[in-house]
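Protein chains: 2
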Amino acid sequence: MDELDRTARALDAEHAATDLRARFELPPDVVYLDGNSLGPLARGVGDAVARVVEQEWGRGLVGSWNDAGWWEAPLRVGDRIGRLVGAAPGQVAVGDSTSVRLYQSLHAAAALRPGRRTVLADPSSFPTDLYVLASVARQVGWQIALLSPDDVPARLSGSDDVAAVVLSHVDYRTGRLWDLPGVTAAAHAAGAVTVWDLCHSAGAVPVDLDEHGVDLAVGCTYKYLNGGPGAPAFGYVAHRHQDAFANVLAGWTGHADPFAMSGTYVPAPGVARARVGTPPILSLAALDAALVVLDDVDVRAVRRRSSSLTAFLRACLEALVPGTRFASPADDDRRGSQVSVRHDEAWGIVRALAARGVVGDHRPGIARLGVGAPYLTHADMLTAARTFEAVLAGGEHRAAEHRVRPTVT
Amino acid sequence: MDELDRTARALDAEHAATDLRARFELPPDVVYLDGNSLGPLARGVGDAVARVVEQEWGRGLVGSWNDAGWWEAPLRVGDRIGRLVGAAPGQVAVGDSTSVRLYQSLHAAAALRPGRRTVLADPSSFPTDLYVLASVARQVGWQIALLSPDDVPARLSGSDDVAAVVLSHVDYRTGRLWDLPGVTAAAHAAGAVTVWDLCHSAGAVPVDLDEHGVDLAVGCTYKYLNGGPGAPAFGYVAHRHQDAFANVLAGWTGHADPFAMSGTYVPAPGVARARVGTPPILSLAALDAALVVLDDVDVRAVRRRSSSLTAFLRACLEALVPGTRFASPADDDRRGSQVSVRHDEAWGIVRALAARGVVGDHRPGIARLGVGAPYLTHADMLTAARTFEAVLAGGEHRAAEHRVRPTVT
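Chains as they are written, first to last, in the working numbering: chain A, 1 to 409; chain B, 410 to 818.
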C-alpha cells in the first residue's frame, strides 16, 4: 500500500457518513464515472416501476390517474426535486425533455421582457441549448450574443436591451461551475431575467434557486438525480413570475380546469400552468423512486463529498499521469462534480478505460470523468487514475477495437 | 338464455379468430370500456420493462444507449406504429406528448405553406388541439376558422389562403369517424396541407396515411396501442415533406450528427429530424412491448371486430334501455371504436357502472364506452348494456358516492 492508498483510505474514513453506495445497484466490477450522463439504478426503483406496471396500470387501469396519484405526479415529484435545488414547494413541474422545457422557458422569458431584443448565452453550452435558443430567437426576434459567462456581468452593465441570460450552471464539457448568484444579480440589475440550465448541477451542487432569486430554470433528471434513461426533465418558475408565465406549449394538463374540456385555454394557477401534455407515468415512477433515495440527503453534504473526490482524482492523475491537461478547474469552488481531461485521443482512452471497468465518457477532445458522489469512494478515484495510467502506458487507447461510434450524454 | 345471449354467443363464435384477450392482463371481473383512454396491460410488458430497468439500465448503464438500442428506439418503435397506421418505414418518430408533437407539426405545416393565413379546425376537437393551435396561430399569424369537418371540403373549394387543415380522425366525444381521404384530397386540391390527429383511431381503425397522401399526423399511444399511462406520442412526416420539415423544437437528438456537439443545428435526414430531446426509454420500452402484441394483427381485422362489437352494443342498449340517445353514429362506417351516450347525468352513470365492474368514462354530457376490440367480446357488450339498464333502473347513478371528480383521458 503506497501513499495514495493510505490517503484514499483516510479520506474515505473521513467521509464515511456520506457513502451511500449501498443504496445503488451498481455492478461490483465497475467504477462508474458516467453518472453525469446516466445515473445508476437506485435500490427500490425496479420494485416501484413493477408495482406501477402490474398493480396500478394492470389492475387499477384508468382509475389510477386518480387513485394512484398519477395526475398529481408531475408537481409532487417536482417538489421533491425542488428541495434539492433550493426551491420551495410549488415552483417545479416535471415532464417533457430538457429541450422542450428550455423552449418553453425561453418563450416565457421573452414574454416577461417584451420589447427587449438581446439574449446572452454561452457558446460552450450543450448543443440543445444553442439549437433551441436559435429557434426561439427567430420566433421572438431576439439577437443572440454569445460570450463567456465570465464576461456576462460586464456586458450587462449599463445595458437596457437584454431580455434574458441563458446559461448552464455547470459546463457539460469542462465541469466549470459558473457564478449563478453573481450573474443572476447582474442580470436583475440590468432588468433581464435568467434561465439557468441545471442539467449538470441538480443533485450534485447546491443551486439555491430561491435564495439567489433565479427567474426560470430547467434541468434533466437522469444525471445526478438518477431518474433513469430519458427520465422527464423539470422546469422551475419562481413564484413571482407564475401569474405572468406564458406557456406556448399550451397542452391540456396545464389548464385551470382540464376536465371541463373547454375549447379555450385558461392557464392553471401556479406552476401547474407549466404542465404540457399527459405525463409519462412509468418514467416518472422511476424518477420518483430514485429521488426517495435522496430524501434524507443534504445536497451540501453531497457537494462536500464530491469536492473531496474530484480534488483527489485530480491529485491522483497529477501524480500518476504527469502532464495531464485538465479541462476542469483546479479551484474546488469553480469545479462541478466532474474531472475532464483534454486529450487528442480522448475517445480511445475512454473506450480503453471502459474495457477495464472504468466507465467515463467522451466529448470532442475531452475524456470526461463524472463523479456521482453518493456512490463513489476515494478508492474508486485512485482506481480510475491508475487505470488511466495503465491505458496510456500500454497504448491501449490506440487499439483498433476502441474505434466505434460515441455513446450518448 | 334469451335472444341477446344467443346473438352474443353466435357473434363471438363468428369472430373467434380475432379474440386476443389472452394477450392482455385484464382483471377477470371487469368489462373494460376505457381502452380509448388508457389501454390495458399486455402480457410481456411487465417483463420487458423489468429487463430494461434491471439489466439494461442497472447493469448495462450508459452503454445501453448503444448496446441495447436505446438511441434508435424512437424510430424503430415508430416503424412499428407506422405499420398500424399505413405508413411505410421511415416516416414516424416516437417521443414527447401529443401536445408537443402537435405543436411541432403545426409549425412545420406553417413553414410548408408560407404566405397562407388561414387554418381550418373542428371546434369539437380535443381541447389540447385547440389550445396548441391557438398558440401556434398567434406565433405564425394564422387566422383560425372553426367548422365541422363535414363542411371543410366546401370551405376549401376555390380558396387559396388555407395553409393547413387540422382535424381529428375520430371525435373523442362522439366517436364520429371523419372522412380522412376526402378531406385530405380536398385540402390538396386547395393547396393546403393536412395535420391529422390519430389519437382515437391509431390501432382501431385503418388510417392508411400513405395511401391517402396525408402530409403530417400525430397520435398518442396509450389508447388503442396500449402503450401505458402517458406513453410517448408519435409524429408522422410523409417522405415527400421530410426535407422541408422545419422542427422548431430543435433538440439535439434530431441533429444530423448529434455527437459532434456542434453549436449549429443541422437537421438529420429523414424523419429523424422530427426527434426532439432525449427519449423516455422506460416508457418507450413498455410501448414497444405492447406493440409486439399487435405485430401479427391486421388493423382491418381489428376494425371488423370493433364494428361488430359497437353495433351490437348499440343494439343491446336500444333493446334494454329504450330512449337511449346516442352521440355516436348509427352507420358503422362513420363510427370509430366507441359508443357514446348522451345523458344529463352521465357522470353518475359512469361512476355507478364502474362500481359494478363496467369501466367507461365521462365527458361533459356524455357517457363514453370505448371498445378495444382485441380484448372484448360481444358477451362483454351485453354485460355492459345490462349493467347500464340496472344502474338506471335502480337510480344508482344518483347515489351520493358517485359525485367525485372526473378521471383523465
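Don't take every hint at face value.
Claimed, not checked - Simulated coverage check for chain A against chain B, where a stretch passes if three residues somewhere in it have a Cβ under 8 Å from a Cβ of chain B:
| hint | stretch |
| --- | --- |
| 1 | 35-43 |
| 2 | 87-98 |
| 3 | 227-234 |
The hints are simulated quantities; they were obtained by calculation from the structure and are not laboratory data.
The C-beta atom is built at its ideal place from N, Cα and C for all residues, glycine as well.
Which hints, by number, does the structure contradict?
-> none
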